[in-house]
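Asker: Construct the entire structure; sequences and hints are all you get.
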Amino acid sequence: MTKQIERFGLPAPGATPAAKAVKADGWLYVSGMVPKDKQGDIVYGSIKVQGRQALENLMETLHMAGYEPKDVVRITVYLDDARDFASFNAVYKEFFAVEEAPARVCILASKPTDIKVELDCIAWKSE
Numbered sequence: 339m340t341k342q343i344e345r346f347g348l349p350a351p352g353a354t355p356a357a358k359a360v361k362a363d364g365w366l367y368v369s370g371m372v373p374k375d376k377q378g379d380i381v382y383g384s385i386k387v388q389g390r391q392a393l394e395n396l397m398e399t400l401h402m403a404g405y406e407p408k409d410v411v412r413i414t415v416y417l418d419d420a421r422d423f424a425s426f427n428a429v430y431k432e433f434f435a436v437e438e439a440p441a442r443v444c445i446l447a448s449k450p451t452d453i454k455v456e457l458d459c460i461a462w463k464s465e
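Per my numbering, the very first residue in the sequence shown carries number 339; after that it's consecutive.
It is worth saying that the hints were derived from the structure and are not from the lab.
Be aware that a few hints might be false.
Stated by the list, open to error - Straight-line distance between alpha carbons at most 30 Å, and here's what the computed DSS-like set of lysine-lysine pairs gives:
1. K341 x K386
2. K431 x K376
3. K408 x K449
4. K358 x K431
5. K376 x K386
6. K341 x K431
Answerer: As structure tokens, then:
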């Protein structure tokens, strides 16, 4: 069996030295997705605004690698304010169907600048 590793969304010069995602033997490991637009600027606003942008970035990365939300087996949500939990969940439900919900953990974590949420995930599908 040949081990195959494929990287998606390699960083631009001067950016954080991490691929957006790495695929290995059917597994996809997605790096932390934050609420940044296509130009790399932070999208400011409420947890719903930032959560939606971070989730859209996550979906774009999944699709770039040939995966779908139903392939996500685990997601980690990092919030900077525990009071945002319910509001974030309202947006999260727009992206993950209940019958295909991945395992999930939510962690309270201080974020740089005005980022309210960050997401990473692990997905799998047979090759």
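Asker: Would you pick out the hints that fail for this structure and give their numbers low to high?
Answerer: 1 and 6
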